[in-house]
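Heads up: the sequence lines are chains A and B, in that order.
Residue numbering for the first sequence follows the numbering used here, starting at 4 and increasing by one per position.
Residue numbering for the second sequence follows the numbering used here, starting at 2 and increasing by one per position.
The hints are simulated quantities; they were obtained by calculation from the structure and are not laboratory data.
Everything numeric in this text was worked out from a predicted model, so none of it was measured.
Careful, some of the hints might be misleading.
Output of the computed footprint for chain A on chain B, the stretches with three or more beta carbons under 8 Å from beta carbons of chain A [unchecked claim]: (1) 193–203; (2) 320–329.
Here are the simulated DSS-like pairs of lysine-lysine, each with C-alpha atoms no more than 27 Å apart in a straight line [unchecked claim]: (3) B:Lys337 with A:Lys33; (4) B:Lys45 with B:Lys28; (5) A:Lys24 with A:Lys51; (6) A:Lys47 with B:Lys268; (7) B:Lys337 with A:Lys51; (8) B:Lys245 with B:Lys229; (9) B:Lys347 with A:Lys74; (10) B:Lys27 with B:Lys16; (11) B:Lys288 with A:Lys47; (12) A:Lys33 with B:Lys55; (13) A:Lys33 with A:Lys47; (14) B:Lys288 with B:Lys332; (15) B:Lys45 with A:Lys27; (16) A:Lys33 with B:Lys28; (17) A:Lys51 with A:Lys25; (18) B:Lys378 with A:Lys19; (19) A:Lys27 with A:Lys6; (20) A:Lys47 with B:Lys260; (21) B:Lys347 with B:Lys337; (22) B:Lys55 with B:Lys28; (23) B:Lys244 with B:Lys231; (24) B:Lys27 with A:Lys23; (25) B:Lys260 with B:Lys229; (26) A:Lys51 with B:Lys359; (27) B:Lys378 with B:Lys231; (28) A:Lys74 with A:Lys24; (29) A:Lys25 with B:Lys332; (30) A:Lys33 with A:Lys12; (31) A:Lys47 with A:Lys6; (32) A:Lys27 with B:Lys105; (33) A:Lys58 with B:Lys260; (34) A:Lys12 with B:Lys347; (35) A:Lys25 with B:Lys4; (36) B:Lys291 with B:Lys337; (37) B:Lys229 with B:Lys285; (38) B:Lys285 with A:Lys27; (39) B:Lys347 with B:Lys229; (40) B:Lys16 with A:Lys27.
Cβ coordinates follow ideal geometry from the N, Cα and C atoms, glycine included.
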Amino acid sequence: MEKAEVAQKIYELVEKSIGKKKLKSSDIQKQISADCGISRDEVKEALKDLVDEGKLIYTYFGGSFVEIPPKE
Amino acid sequence: MPKKYETPLLDELEKGPFPSFVTEIKKAAARSDMAADELGQLEKSYRDKRGYWKHGGIVGVRGYGSGIIGRYSSLREQFPNVANFHTVRINSTSAFFYTSQFLKEMCDIWDQYGSGLTNLHGSTGDLVLLGTNTENLEPIFAEFSSRGWDLGGSGSAMRTLSCCVGPARCEWSNINTLDINYNLTQEFQDEMHRPAFPYKFKIKTAGCAVDCIASIARADLSIIGTWKGKIAVDQSEVANYAKKGMNITEEIVNMCPTKCMSYDGSKLTINDADCNRCMHCIAKMTKALKPTGEKGATILMGSKAPFVIGATLSWVIVPFMKLEEPYDELKDLIRKMWEFWDEHGKNRERIGELVIRKGMREFLEFIGVEPVPQQVKEPRRDPFFFWTEADLQK
Ligand code: HEM
Ligand code: SF4
Ligand code: SF4
Chain A
4 MEKAEVAQKI YELVEKSIGK KKLKSSDIQK QISADCGISR DEVKEALKDL VDEGKLIYTY
64 FGGSFVEIPP KE
Chain B
2 MPKKYETPLL DELEKGPFPS FVTEIKKAAA RSDMAADELG QLEKSYRDKR GYWKHGGIVG
62 VRGYGSGIIG RYSSLREQFP NVANFHTVRI NSTSAFFYTS QFLKEMCDIW DQYGSGLTNL
122 HGSTGDLVLL GTNTENLEPI FAEFSSRGWD LGGSGSAMRT LSCCVGPARC EWSNINTLDI
182 NYNLTQEFQD EMHRPAFPYK FKIKTAGCAV DCIASIARAD LSIIGTWKGK IAVDQSEVAN
242 YAKKGMNITE EIVNMCPTKC MSYDGSKLTI NDADCNRCMH CIAKMTKALK PTGEKGATIL
302 MGSKAPFVIG ATLSWVIVPF MKLEEPYDEL KDLIRKMWEF WDEHGKNRER IGELVIRKGM
362 REFLEFIGVE PVPQQVKEPR RDPFFFWTEA DLQK
């Protein structure tokens, strides 16, 4: 699976969970690797790109979560 | 001119013989609006007996999930200059060695972009910069990273590692604490800056059981130097200590926790097989006693301050491990531990709490470490033992 495709899946997963459940990095890794049949390291790499590009950010609410940055 | 607040309660903390953080904040408050409002809010906290800081949220620098702790005043109208008062953690050096040039530059950057208040070092081990607003975070990070510095850990991540001064200044060190600290820091950059753990994870390295870094009490993974050979005794130096007035029976022999020493008035004898290398005798009679043989470390896990369960001290996982570059055995063990935690840990559950909840058997089986007597922290109070099918086959 292409890295960009994995990134797209991650983004959709985070987007879908808005308002329902804050996702931790490990939740995303577990979910996407199971859904796409890829290794967790591959998910990590794609997540890394999303965060480095600023499409996703880490937040802290009593624990660290991955979220979509707020619209200015 | 920054606003001046009356601070009768804080002023009390300037009395007495010790250095006072109030005095230091006042110095900064003479030049910085932020530090002035910080002082004002703190006085109000003392008066009202409650804190007015909120923390967490979404602030950070691009690409990082740790190193910046969002902090906000809940009294923004009254103290507008600390409405945002974020903390920046800079990854400290191994054993806190800095050049004076760096310290000057660090202070200049911080005077320009922040409150001027620092904490060297916080109990986290980081070089902590206290109080800046959101716009300044990226510029501060750029200033530091262009000089080769990086952010430390925060949140559900590996935290900034720390170690004792070790072989840099201390002859008792059995391992190169500084190198281990640096090497693991480099190895686990992603784990530090891209939080993916159930909760925080701290690694602290001490060169010997004196444990100047208190790793036994405040690290999820405590690495403590030890040795395998005998303690070499120089009897003429023993005699010197006696001559200078040391009561060897009282101060050394009777204080040995395993009662493995004896002294007949002229000769000090150690039954090395019973010694648990606590360092007491060596620390007291440095000139007379010296560890010999193979050097390495004991790997322990699980200490933390009270939270879900009370305060815990670390207990032994691997009694002796040789620690030489590139430390592969140690790194593999750490990764295996994280895997177990990732699989079973609940949100905000430290790895030690998880192992207490699940039991050592499951943990040891998972990480592939044989059970050994040294791992027993204390005798059990209940008499039950549950055999598995596999045990019964044997
Ligand atoms: C089907 C019902 C129960 C069974 C099968 C059962 C079984 C046991 C067993 C096997 C022990 C350990 C005895 C030993 O020390 O060797 C024990 C201890 C004990 N049981 Fe029960 N028990 C039952 C109900 C109860 C009830 C209803 C109470 C109290 C209202 C109770 C209170 C205790 C206490 C206080 C101990 C002593 C625990 C200790 O000191 O460690 N048990 N029970
Ligand atoms: S822990 Fe031991 S080796 Fe490290 S500085 Fe203290 S006495 Fe020296
Ligand atoms: S190191 Fe500790 S246990 Fe060993 S002989 Fe000295 S005092 Fe006793």
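Subject >> Violations among the numbered hints >> reply: Numbers 2, 6, 8, 9, 11, 12, 14, 15, 16, 18, 20, 24, 26, 29, 32, 33, 35, 36, 38, 39, 40 - these are the hints that the structure violates, sorted from lowest upward.
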